[in-house]
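There are 2 protein chains.
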Amino acid sequence: MLSRNEVKYIQTLRHKKNRDEEDVFTAEGLKVISELIEADFNLKKIYALKDWLDEHTDIENAVEITEDELKKISNFKTPNKVFAIFRKKTAEQIHGLKNKITLVLDGIQDPGNLGTIVRTADWFGIENIIASTDTADIYNPKVVQATMGSIARVSIVYTDLKAFLSNNKIVVLGAVLDGENISAIEKLTESLVIIGNESKGIRNEIQPFIHKKISIPKKGNAESLNAAVAAGIILAKLVS
Amino acid sequence: MLSRNEVKYIQTLRHKKNRDEEDVFTAEGLKVISELIEADFNLKKIYALKDWLDEHTDIENAVEITEDELKKISNFKTPNKVFAIFRKKTAEQIHGLKNKITLVLDGIQDPGNLGTIVRTADWFGIENIIASTDTADIYNPKVVQATMGSIARVSIVYTDLKAFLSNNKIVVLGAVLDGENISAIEKLTESLVIIGNESKGIRNEIQPFIHKKISIPKKGNAESLNAAVAAGIILAKLVS
Numbered sequence: 020m021l022s023r024n025e026v027k028y029i030q031t032l033r034h035k036k037n038r039d040e041e042d043v044f045t046a047e048g049l050k051v052i053s054e055l056i057e058a059d060f061n062l063k064k065i066y067a068l069k070d071w072l073d074e075h076t077d078i079e080n081a082v083e084i085t086e087d088e089l090k091k092i093s094n095f096k097t098p099n100k101v102f103a104i105f106r107k108k109t110a111e112q113i114h115g116l117k118n119k120i121t122l123v124l125d126g127i128q129d130p131g132n133l134g135t136i137v138r139t140a141d142w143f144g145i146e147n148i149i150a151s152t153d154t155a156d157i158y159n160p161k162v163v164q165a166t167m168g169s170i171a172r173v174s175i176v177y178t179d180l181k182a183f184l185s186n187n188k189i190v191v192l193g194a195v196l197d198g199e200n201i202s203a204i205e206k207l208t209e210s211l212v213i214i215g216n217e218s219k220g221i222r223n224e225i226q227p228f229i230h231k232k233i234s235i236p237k238k239g240n241a242e243s244l245n246a247a248v249a250a251g252i253i254l255a256k257l258v259s
Numbered sequence: 020m021l022s023r024n025e026v027k028y029i030q031t032l033r034h035k036k037n038r039d040e041e042d043v044f045t046a047e048g049l050k051v052i053s054e055l056i057e058a059d060f061n062l063k064k065i066y067a068l069k070d071w072l073d074e075h076t077d078i079e080n081a082v083e084i085t086e087d088e089l090k091k092i093s094n095f096k097t098p099n100k101v102f103a104i105f106r107k108k109t110a111e112q113i114h115g116l117k118n119k120i121t122l123v124l125d126g127i128q129d130p131g132n133l134g135t136i137v138r139t140a141d142w143f144g145i146e147n148i149i150a151s152t153d154t155a156d157i158y159n160p161k162v163v164q165a166t167m168g169s170i171a172r173v174s175i176v177y178t179d180l181k182a183f184l185s186n187n188k189i190v191v192l193g194a195v196l197d198g199e200n201i202s203a204i205e206k207l208t209e210s211l212v213i214i215g216n217e218s219k220g221i222r223n224e225i226q227p228f229i230h231k232k233i234s235i236p237k238k239g240n241a242e243s244l245n246a247a248v249a250a251g252i253i254l255a256k257l258v259s
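Top line first, the protein sequences correspond to chains W and D.
Going by the numbering used here, the first residue of the first sequence is number 20, and it counts up by one from there.
Going by the numbering used here, the first residue of the second sequence is number 20, and it counts up by one from there.
It is worth saying that the hints were derived from the structure and are not from the lab.
Among the clues, some could well be false.
Identical copies look the same in the list; a pair holds intra-copy or inter-copy alike.
Computed list of lysine to any residue pairs in SDA-like fashion (alpha-carbon distance at most 25 Å, straight line) [to be verified]:
hint, residue 1, residue 2
1, LYS238, PRO98
2, LYS117, LYS206
3, LYS96, LEU257
4, LYS100, PHE60
5, LYS50, LEU257
6, LYS96, LEU21
7, LYS237, ILE201
8, LYS238, ILE201
9, LYS188, GLU83
10, LYS35, PRO98
11, LYS219, PRO98
12, LYS238, SER218
13, LYS219, SER185
14, LYS181, GLU54
Given only the sequences and the hints, what does the whole structure look like? Please build it.
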């Protein structure tokens, strides 16, 4: 049973401002929620239909709700049995970046693209993504779902990239238009790989932090390459 | 000046059925339209504001319209000066596939994904895409715009893949989960590369036509790789 106030509170979490203030995000559906729980995300509260609860008797902070109540709090037209509020990961929870490939996103503004990048990172076993503060919000309910559970395995931290890169000791690769052909780059076990905004590229104030400029050679006439596609091509080359 | 009937006719072209019957598609905005004209697409009619027409006095089949009229026929909230109806390319207009890499799409159903694939193909200089009849419609107005002009340079033909592959003499690569690691594949100058549906893969009846199975190795736990990302990784490897 959901009180009117609880419904209202949950609905406020559709807005980034409120999620940020509360330091939480919401997720829905069997698959994404079970992967987040499995990945030890801190579960604040879970709202579920009776049949889901009957199968998950060990879950704490659970509230039984009706289909109608689920519809009120869901962000989707066809909700799927369970809705949960999780605490975000904090920067401290990011595991060390040593001996790992880490993606650094500079101004990726399209939420769908960000979701695809997170899934691509997960495919290649990338554990961490550092994102500029103007990168799309991974905790937007639609992006959470679009990652199809990969959000449970890839940690994203939003931070001031300039400050972060100033204190960094790992070699930094940057995808630019005039760098070394990616096909000549060797497999790597440790680096930061900066992916810039699709139309603007990596911004000027970040460029000086790049140790090695890399490029995906253009054979045709497309104006730009989708940022998720570019990230996939670079990770495939570095990781496999 | 637009008659009410003409507005109605143009609005019917928002539906695939009507576009197919008329064998046309619509495009909007300065960039996409000028690239389509440059690529010698057959222009059936163009509707434009006075200032655009003043700069393009050599265009035939042009009708001057007002901003209000443009809003009525446009598919977008903020139309951009010009709207055009083009004839689709026919299968006969596809240039030969010999000595070229050609993408074959088997059931790519997400329109956004298809637009990204067309742009990625254009980046790597791919001229032709053969798509199964259940692949998303490239002539959907939103996809046309999403290709950002690449639709002018990459030809897409929809056909029965089974019949097409039965008559094909070019080596066929297929992206599957248990193929040869893509990093071991050599650069190629001629082949068909089949990309399957993201969740279902290449369908069973198409699999026998694959001469060489290739895979993008998975290091992490993502369930699947976005089809456009997969196409980009494979093309980067084959072409550059």
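We went through each hint and held it up to the structure:
1. LYS238 <-> PRO98: neither (44 Å within a copy, 31 Å between copies)
2. LYS117 <-> LYS206: within (16 Å within a copy, 33 Å between copies)
3. LYS96 <-> LEU257: neither (40 Å within a copy, 41 Å between copies)
4. LYS100 <-> PHE60: Classified as within: same-chain Cα gap 19 Å, cross-chain 50 Å, threshold 25 Å.
5. LYS50 <-> LEU257: This pair counts as neither: shortest intra-copy Cα distance 30 Å, inter-copy 35 Å.
6. LYS96 <-> LEU21: Cα proximity of LYS96 and LEU21: one copy only (19 Å, versus 38 Å across).
7. LYS237 <-> ILE201: both (11 Å within a copy, 20 Å between copies)
8. LYS238 <-> ILE201: Classified as both; 14 Å inside a copy, 20 Å across copies.
9. LYS188 <-> GLU83: neither (49 Å within a copy, 60 Å between copies)
10. LYS35 <-> PRO98: within (21 Å within a copy, 29 Å between copies)
11. LYS219 <-> PRO98: Between copies only: 23 Å across, 37 Å inside.
12. LYS238 <-> SER218: within (18 Å within a copy, 30 Å between copies)
13. LYS219 <-> SER185: This pair counts as within: shortest intra-copy Cα distance 22 Å, inter-copy 44 Å.
14. LYS181 <-> GLU54: Classified as neither; 33 Å inside a copy, 38 Å across copies.
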